[in-house]
Every structure is written in C-alpha cells, then in structure tokens.
Amino acid sequence: MNTHHTCTSTTDNWPEVKAVSERILGEDLVQFIEECRKSPEPHSQLIAVLHRVQAKFGYLGASHLDAVAQLMQIPAAKVSGVASFYHYFRLQPRGKFIINLCLGTACYVKGADRLAEKLKDELGIHFGETTSDGLFTLEGARCLGACSLAPVLTINDEMHGTVTPDQIPIILDRYIKRAREETQTSPQT
Amino acid sequence: MMAKRPKQISVTIDDTPVKVPEGTTIMQAAEKIGIRIPRLCYHPDLSLAGACRVCVVEVEGLPGYVASCSLPVWEGMVIRTNSPEIRQARRDIVELILDNHPMDCQTCERDGNCELQNLAYSLGVRERLFAGRRKEFPIDDSSVAVVRNPNKCILCGRCIRVCAEIQGVYNLSQHGRGFTTVVGPAHLANMDDSVCIQCGQCINVCPTAAFLEKSSTDIVWEALANPDLHVVVQTAPSIRAAIGEGFGYPPGTPCTGKMITALRLLGFDAVFDTDLGADLTIVEEAHEFLTRLESGGPLPMITSCSPGWINFLEKFYPELIPHASTCKSPMSMLSTLAKTYYAERKGIPPEKIFMVAVMPCVAKKFEAQRPEHRMPNGRPYTDAVLTTRELIWMIKCYGIDFTKLPDGEFDAPLGIASGAGDIFGTTGGVMEATLRAAARILTGKKPDRLEFTEVRAVEGLRDTYVAIGERNLHVAVANGLNNAKEILNKVVSGEDHYDIIEVMACPGGCIGGGGQPYPPEGYHILDPALLRKRASALYAIDSAKQLRESYENPALEELYETYLGSPGSTRAHQLLHTSYRPRLPRGIR
Chain A
1 MNTHHTCTST TDNWPEVKAV SERILGEDLV QFIEECRKSP EPHSQLIAVL HRVQAKFGYL
61 GASHLDAVAQ LMQIPAAKVS GVASFYHYFR LQPRGKFIIN LCLGTACYVK GADRLAEKLK
121 DELGIHFGET TSDGLFTLEG ARCLGACSLA PVLTINDEMH GTVTPDQIPI ILDRYIKRAR
181 EETQTSPQT
Chain B
1 MMAKRPKQIS VTIDDTPVKV PEGTTIMQAA EKIGIRIPRL CYHPDLSLAG ACRVCVVEVE
61 GLPGYVASCS LPVWEGMVIR TNSPEIRQAR RDIVELILDN HPMDCQTCER DGNCELQNLA
121 YSLGVRERLF AGRRKEFPID DSSVAVVRNP NKCILCGRCI RVCAEIQGVY NLSQHGRGFT
181 TVVGPAHLAN MDDSVCIQCG QCINVCPTAA FLEKSSTDIV WEALANPDLH VVVQTAPSIR
241 AAIGEGFGYP PGTPCTGKMI TALRLLGFDA VFDTDLGADL TIVEEAHEFL TRLESGGPLP
301 MITSCSPGWI NFLEKFYPEL IPHASTCKSP MSMLSTLAKT YYAERKGIPP EKIFMVAVMP
361 CVAKKFEAQR PEHRMPNGRP YTDAVLTTRE LIWMIKCYGI DFTKLPDGEF DAPLGIASGA
421 GDIFGTTGGV MEATLRAAAR ILTGKKPDRL EFTEVRAVEG LRDTYVAIGE RNLHVAVANG
481 LNNAKEILNK VVSGEDHYDI IEVMACPGGC IGGGGQPYPP EGYHILDPAL LRKRASALYA
541 IDSAKQLRES YENPALEELY ETYLGSPGST RAHQLLHTSY RPRLPRGIR
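Chains as they are written, first to last, in UniProt numbering: chain A, 1 to 189; chain B, 1 to 589.
I should point out that these hints are in silico values taken from the structure, not numbers from a laboratory. Where a beta carbon is used, it is the ideal one built from N, C-alpha and C, also for glycine. Worth double-checking, as some hints may not be accurate.
[Stated by the list, open to error] Derived DEER-like restraints, expressed as beta-carbon distance ranges:
(1) A:E41 <-> B:G565: 51 to 61 Å
(2) B:F137 <-> A:I47: 24 to 34 Å
(3) B:R177 <-> A:I98: 15 to 25 Å
(4) A:Y108 <-> B:P21: 55 to 65 Å
(5) B:G23 <-> A:G26: 43 to 53 Å
(6) A:I47 <-> B:K7: 38 to 48 Å
(7) A:A55 <-> B:E31: 21 to 31 Å
(8) A:E41 <-> B:R177: 21 to 31 Å
(9) B:E459 <-> A:E41: 22 to 32 Å
(10) B:R177 <-> A:A55: 17 to 27 Å
All chains, please: the whole structure from these sequences, using the hints.
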C-alpha cells in the first residue's frame, strides 16, 4: 500500500517532540530512533523500534506509541495498527509474574485444560490478561519441552511439573508471599 | 517531453479480443468491452488493496481464480469473467462477508444505497448459509460530525486509503487481526480524540454504513413542529448543484428553485442563501487581503471557508494559523446575521430563531458547535447543520414530490447573492470570487474580465500568476488535503512566495463534500466526471446572472449602510471574524 508520507516531513514543534519523547521513552531509545531515522528506509525500522520499546518497558503503552509516532513522524494510527497486529507485541503492562501454562499435546492429555480452568478461576482473568493488582499475567504456551513432567507451567523462569489443580492455589500463594516480602524489604522511595 | 506511447497488449476476454495499453488491469480491460466485473474494495482513485476478492476471474493457465482489480494483462492472456463456477465463487465470497454482518438492512441508514446490499442482490445471494458469530463492537459517536460503527465494517479499507492518500490525514488504520480486526483511529481511541478533521470522505467511500454523519434530522423536525420558534434555513452554494441527484436528475442539474419550494413545504419560515454569506466573506476577505498587502502581511493569506481544512490547519499546520483569513465561513456569517441583523429588523428575539444550515459537509457540524461561533448567551448561531443527504431524506420522508415542484425564490434580506457567491461551492471558486473583488479594489473600476478560468482546479492543484492592475498575484488553489500539503510545505519552508491560497478539504471542493449524495449509477465517489458536472452547474448559474460580483450585491450595500458600517469595521470584526487555535492530537504531515 502506498503510504504517502515521508520521514523527512518537517514539523515545527521538533524541540517539543524531542523533549516529550525523552521523558516517555528515555534518552537511549530516542537515540536509537534517531539512528534509525538516518537509514535509507526509516519507516521500515518501525518494528525494530517497537521491539526495543517493549524490551525496555515490558509492553507498548499508548503514550509510548504516540512518542514513537511523533519521533519517527509516522502517523499514530499506523503505529498502533502495527503494534496491535503482531501477537508478540503487548499493549498492556504485564504482571510481576508471568504464568506460562503449557497447552501442548502431552500436557493437554495430562489435564492442562483443568489447570487452565483453575488458573482462570483463581486469578479471575483470561489468557493474555493481567490481574488488577499487577501480580500475575496468564499466558499459554504450545510446548515447553518438558513433556516428561506434564502437565507443566512456568512462572517467570521457574518450572512447575506434574501439577494438579489442587496445587494451583498453593503455588500462587507462594508467589504472592514472595511479592509481599519483596515490597517490605525493598527501600521505600 | 512527450510521454512514450505505451505498448499495446492483445488479450481475449470472454472470447472477445481487445487491445489495451501495457499496465492495464484485467478489470480495466474488461470495462473496455462493456463488462463491469463486480467489485467491493476496489476504488479507481485509491491504491489497490485486493482485499475483498469479489472481482475474481479465471485466467487460462493459472490455477484457481485471480483478483482482476490488481493483475495487469499480458500478451495473449485469455480471461473468463463468467462461468457458473466463477459466479458461485463470487457469491460465496460475498456470503462470507455477510456472515458476521448485522444484516439489519431495513433499519440501516444506507438501505437502498448500500454497495454491499446491491452486490449481494446482483450476485444472487438469496439465503444465509453461513450465519455465524456477529461483530459486537461499541459504536463510536463521540464526534459531533462522524459516527463510526465497526459492526457494519467489512474491512475493505477504502476509508483508510482515502484518509491517507487523498486527505493526508491518516487517522484510520486496521487494528488487531482476524475476527476482531477493527478499523479506527490510533489506539482505537474516540474519533473525537483523534486527528480526524471531520471531512467525511470516509463516509463517502464506505460501501456500507460503517461511517456516517451524525444525524441532525430529529432536532430539525422538532424545531419545525415548535410553534414558538421562527425556523430559518440557509443552503450552501453546492447544494443546488447536487440535490437533484437524490431525485433522479442527472448530475449537474441546478435545482435551486425546487429546493427552495421544498424547504418552504417542510415548514421553514424563511429560506436564505448561504451565497449572500459568501458575498460577504468575499468583501471582508478582499478587505483583509488588501490590509495584509499594505501592512506587510502575513502573506500568503489562506482562505478559511472549509471547516475540514481549518481542522487540518489547527492539528497539522498550527504555525500557519496567522495566515488563515480571520473571516468566518459564509455559513457562520449568515447565521450570525440571521440572529442579529435579521432578528432586529423582524423584531424577533434571537433566542426564538432556530437556524438550520444545509451543507455539503459534515465538518460544518463541528464548525457550528465551536465556542467561537456562539451568541453571548452561549447558544450557537447555527443550531443545526444538515448534509445534502439528510435534506434529501427529509424531503422524501415528508412525501414531497420534488420533481413536480414549481420554482421558489430565496427570501429577503438574506437571499440575494451574486454569481461570485454561487461558485464558492467548487474548488477555485473562492479564489475566482476573490480575484473579481480584488480586481475591482486594486484597479478602482469594474474589472474588464470576470472569469478567471486559470484558477478552476478540478484536478486538485493549481499554482499560477494572475495579473490584476499593476500587480502580478501568485495564487494557488488546492483541494484534497494531500494536494494542499504540497503548497503548505512550500509556505512553511519559504521556498516559494504566494499572495493568496485557497484550500478546500474535499476533492473538487464543496461539490465533492463529505455530505453530498452518494453518486448515481455510472459514477463513483471522487469521480472527476461527477465533480465536473456538479461544478458546471454552479458556473452555469454564475454566468447566467446579471449580478456576478460580490461588491455589486445590493443586499450587501444595504447591510453595510444600515448595520455593519464598512468592510473591516469594528462591528464587522465583532460579528463576522473569528480566530483559530492549535489543537491536539498533533497530526503527522
């Protein structure tokens, strides 16, 4: 599709755009985007930029996307359209703990569907969502390569094998306690 | 340099041999032998999407079907546009598009002029075989002008393309994927919070009712039924040139007289002509231009009648705001006078006057609501704006047999207008009217020529010099905001000096406005042939008039003498001028 806009287009509020972008994205990202702008096809760098933003913030918020749009001089609708298209990009912040429930064949046969129901029930969220306290994000994986431990789930980098639905509340509780301890011991700012 | 004549390609379509230039698509080649292949996402003035697959045909040697809109022909190509299998395939495709469509045709705004409905009928879709899950998205009616209903959307992408490619706004994009794909502004935010400039071209190109103007017919019916209100109406120049299409007249048929009679039958107490507002705009604007010329600027002066353009200015080019003429638009000037000058003369309290404006435009609905265009009591000068489409519907709803109506005439004192006012409705018209006025002021006599055909710019962009008296004015005319960007960028960079620039947001100007009738059979929206016909109606009205200069309008003379003083006077400024301010979100230009 013909995009009918160029990165060289001028805007009269460049200092403002830069200042706002630095506040929202940070100097490192602004610098990265400015490097991208020097490439012969600056607009084709959009996805690379979005990867960097997500790597830094864990998700792509509306204000991040707007800052990218202004800084790259790409229409905001295009930026948010691209961000919302790819499964990899997240538009909502993720929880402190990412639960990845394996939904591969072996785990499924061993009752991953019941674990899924239990997790959704306990957390009050669907797949792809984050609890309102920001603690847990529930995601499904195709295969985690640990079929001998089926059914498995990972929470951040920790693997839990041969899980039964009864164990779910106990496992979740462990992480809730861990989060509480961390906030108590961390220095207050 | 002469363009090289393209190579001719011989193809066979449905056993008929035809020669077409290299680069022609199958669809275009078929049109040459009189076959119009069914289509949906295709639009001749927009880029190719190939998204809907309705236009599939068979090409000998290729497996399956191909989209005829996007495949160029090659030498010796043998094409079949019809067979029971091809027709079945097209029917299946449209049935699948209909699958999650609301199919509430009888209660839909587009009933009777919906492309999807027509297509389903012509392809023979008679039952619903795949009825599945329907779309259930919230309707976005946050904007006072444009309503977005994603449930009716079939993802053809025409709105996205017109917004980006013709208007250079790029407010719309597909979001998400698969079944939950939605077309909308960035972050799927409200239209009201987006860079939308409310030109309404998305409404025009939409084959269904996914985009519509926000209807004002209810409040107008209500006002007409209220005996305490003095309900007055004004009609923009371009309405008379297009309204006939709603009643079966060929495009380009002027219907001024019948339109006035229809408005009287609907119950309006007075029918005024926005053209008088246009004359007034010209006099004030010419005065403003000369003041700028003498006092050193800022030049160029850019016209400000088109509310879509003004929205674009405020969101995309705020640094050019000082260049925009401070004159209110003809609509707002006339509404202001209706509730001041006319109210006083008639002895009617302004709050008892209900002002309806019939406009070719949906952005006028936004303009009418601007805080700058309100009376001291906070009520807007223009109470309701109807699009041409809405007025056509009201006339039909009432049961008025439009074609049989005798000709009526506009009411005094706000109904007399010059031909210069009439041509406001087409691209280049405001410029031509301004030049007529400038010629009179700069030379101090009746100008020796009244027609400035060099600024009539149906094609989108004009950049020329016009000699007036001892001056050689550099003028530019642009319609369609992507065209305007070309000129505006030169102003911003200082690359070129202009004296006056006319910008109209919509392709062709108001005659191609976002509120004009959906095109009749044989024409498409944005069609230069359609726009030319509508424009020619206005030029015909102008050239048939004795009164062709705004300065000669006797109604204006009296208005200035008894009420306003002189052009640019304090009172004229108070009532007839306005101001603009940068708006967010900031658009990418």
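Hints, verified against the model:
1. A:E41 <-> B:G565: 51 to 61 Å: 59 Å, holds
2. B:F137 <-> A:I47: 24 to 34 Å: 26 Å, holds
3. B:R177 <-> A:I98: 15 to 25 Å: 22 Å, holds
4. A:Y108 <-> B:P21: 55 to 65 Å: Given a distance of about 58 Å, which is inside 55 to 65 Å, the answer is holds.
5. B:G23 <-> A:G26: 43 to 53 Å: Roughly 48 Å apart at Cβ, these two residues keep to the hinted range, so it holds.
6. A:I47 <-> B:K7: 38 to 48 Å: 39 Å, holds
7. A:A55 <-> B:E31: 21 to 31 Å: Given a distance of about 51 Å, which is not inside 21 to 31 Å, the answer is violated.
8. A:E41 <-> B:R177: 21 to 31 Å: For B:R177 against A:E41, whose Cβ atoms are near 24 Å apart, the range 21 to 31 Å holds.
9. B:E459 <-> A:E41: 22 to 32 Å: Holds - the Cβ-Cβ distance for B:E459 and A:E41, about 31 Å, lies within 22 to 32 Å.
10. B:R177 <-> A:A55: 17 to 27 Å: The hint (17 to 27 Å, Cβ to Cβ) holds, given that B:R177 and A:A55 are roughly 22 Å apart.
Of the numbered hints listed earlier, the single one contradicted by the structure is hint 7.
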